[in-house]
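Engineer: Single-letter residue listing:
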Amino acid sequence: MAASHDVGETKRKGWRYAAKRSWRRHWQLYLLILVPLAYFAVFKYLPMINAVIAFKDYNVVAGVWGSPWVGLKHFNNFFANPVFWQLIGNTFTLSAYYILASFPIPIILALALNEVRLRAFRQTVQLVTYAPYFISTVVIVSMTILILSPRIGLVGDVFGFFGVPAVDFLVRADYFRHVYVWSDIWQTAGYSAVIYIAALASIDPALYEAAKMDGASRIQKIIHVDIPGIMPTAIIILILGVGNIMQVGFEKAFLLQNPLNLSQSEIISTYVYKTGLLNANFSLATAINLFNAVINLVLLVTVNAIAKRVTGRSLW
Amino acid sequence: MTVIARDTNEAMRARLRKRSLNVVLVDRLFVIAIYILLLTFLAIVVLPLIYIVASSFSSPAAVSSGRVGLWPVDFTLRGYEVALRDPKIVSGFLNSLFYTTAGTALSVVLTIAVAFPLSRADFFGGRLITKLIVFTMLFSGGLIPTYMVVRSLGMLNTPWAMIVPNAIGVWQVILAMAYFRDAIPKELYEAARVDGVGDIRFLLLIAVPLAKPMIAVIALMYAIWQWNSYFDALIYLRTDALYPLQLVLRNILILNTQSNLGDATAMLERQQLADLLKYSLIVISTVPVLLIYPFVARHFTKGIMLGSVKG
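In order, the protein sequence lines correspond to chains A and B.
Those letters in the first sequence? Residues 1 to 316, by the working numbering.
Those letters in the second sequence? Residues 1001 to 1311, by the working numbering.
These are calculated hints, taken from the structure and not from any lab test.
Listed next, the in silico DSSO-like pairs over lysine-lysine satisfying Cα-Cα at most 30 Å (straight line): (1) 252(A) x 1088(B); (2) 274(A) x 252(A); (3) 20(A) x 1186(B); (4) 20(A) x 1131(B); (5) 73(A) x 274(A); (6) 1186(B) x 1131(B); (7) 1186(B) x 1212(B); (8) 308(A) x 221(A); (9) 1131(B) x 308(A); (10) 1131(B) x 1212(B); (11) 1088(B) x 274(A).
Using the sequences and the hints, build the whole thing.
Structural biologist: Have a look at this one:
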């Protein structure tokens, strides 16, 4: 009752009144939110302002505002650099491969788990496949390196069993993407499946009843009830993936890099780190980063708009 | 639904009869296939883990020559002894413990401080602030501009750089907001206002106790993130003494920096011990997280759900 009255009152007297009243009633809340807001201003929005150094020749002495403007110089340098297309290609290929390969597996896992009636078995599989999600990237990469090492790892034994000389996956550039993507799927499939399991659990039981009445087999039930039921979730996950396609994380790629696989493992985020922090070229690194962030934002907005138009599902 | 409604008993029975022996047989086979598939999944996840643990308990020579499979060869605790005697590893472990505790505490307090006001419907400006916060998820100034801020605050190469620059996760804020909004009945706010209880007192005495499950979830999320990440340490820290465990691990496991291998002086023995040490280190650094994992798994699942309802 109070709420509806408030709305009417607010509409009549305008936002000034609403603000004043909110302040009078909730000044403690404004006090509370002050520190977190300062955090966002300093650590999230100030860097966005600092990013103007992409259009300047930044040097420490002159500072962000004292450094001379150079327009698009750094962007043009980056576009003209032969490494440009290689970086774009590597980042895009790795990401696209990852999205395509990692999309169906959690769904299959969830659909399979959903068919299991033995509670203990289902919970064991879920608990075990979920566990690697909690292992750190450093450890995952080390495990990958150790296991794939032809000298000491398990893989050497497998190759030996078939009488073939072992392949060293880590020093061949062609294998970098496979190692990156499949070790990641190994780590996250169980975690990603949880979302689909929840979606499956929320499907209307009446649909299953109806399928049973129609004499549907389990496979038909999966195709006609389960899969349509998890479609909305799957679409959201795909939007997120495609929208972030140029945003491959730094942590893992950087750890898996070595001089021998660099031709495929150098991606935008690792190149930015090297240009900016190791070679101390702040302006160029920021320009590359900015270019990437803008592309990514445009992609996300576009993909989201398309998804909204086509499927009626979107992030916002 | 309408199909069922239209069906008479007669038609229903006819349909059930159609569900012939054939379908039942196919279903049986299908279930067997499903079990085989899941057992394969299970094996793919478990075997590498068993291999790592088995190796960590094996003799240096056996590990180095690749003789270890899924069971320890020449059982020994040598790897753990070497690891636990290494001052760098011990200090990394203690640093990580500190960063995780302090960082999680700070993160949780700040997350609540921002999420509680934003969860209130009559908090003027809340919608705008929420938009500004969510925007930071979609766009950021980038690595170098953020580094410059941390540098200008004098946080470089101090423990502050480990806990402050990434103190608040937007995802956690969204989660906490949704929880506060759903878990606290509107009547409580009314009652509190009538009784003259201020917002901060309300938060501490009523909202926080009501939101305990959510707070546990976001605390665990922050803690595990903090324990597992190495990126901030890589860019902000220069002094070995400040390194968290993950960065120490990276140097030993991936860059192959020889750590102090004690009395092992012979070249071959050094190499073998270095190999073994990697396995023991993996186990040591992962056990704390995996030990609490079965207890937190359920909460994590809930957290994902909470988020997905909102998202």
